[in-house]
Amino acid sequence: MNIKTIPVHKINPAPYNPRIDLQPGDPEYDALKKFHEEIWIR
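Take any residue in the sequence shown, count from 1 to its spot, add 4: that is its number in my numbering.
FYI, nobody ran anything at the bench for these hints, they're computed from the structure.
Cβ atoms here follow ideal geometry from the backbone N, Cα and C, with glycine treated the same way.
You may find that some hints are simply not true.
[Stated by the list, open to error] Simulated DEER-style distance windows between Cβ atoms:
| # | residue 1 | residue 2 | range |
| --- | --- | --- | --- |
| 1 | P31 | N6 | 40 to 46 Å |
| 2 | D34 | M5 | 37 to 43 Å |
| 3 | T9 | P31 | 35 to 41 Å |
| 4 | H13 | L36 | 34 to 40 Å |
Produce the entire structure from the sequences given, and follow the hints as far as they go.
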């Protein structure tokens with residue numbers, strides 16, 4: 005195994021990665037934020 009240390013800015017996301025870059029104002033982002041505030045922050 006060859007392990008390298010590289011700067012974060014050189015990492016490219018894979019196009020097949022299903023993750024979505026959610027931003028404030030996106031319905032999914034707002035739903036997750038609301039859930040987090042209601043359940044985890046008391």
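Consistency of the hints with the structure:
no. : hint                   : verdict
1   : P31 to N6: 40 to 46 Å  : holds, 42 Å
2   : D34 to M5: 37 to 43 Å  : holds, 42 Å
3   : T9 to P31: 35 to 41 Å  : holds, 38 Å
4   : H13 to L36: 34 to 40 Å : violated, 26 Å
Hint 4 from the earlier list is the only one contradicted by this structure; the remaining hints agree with it.
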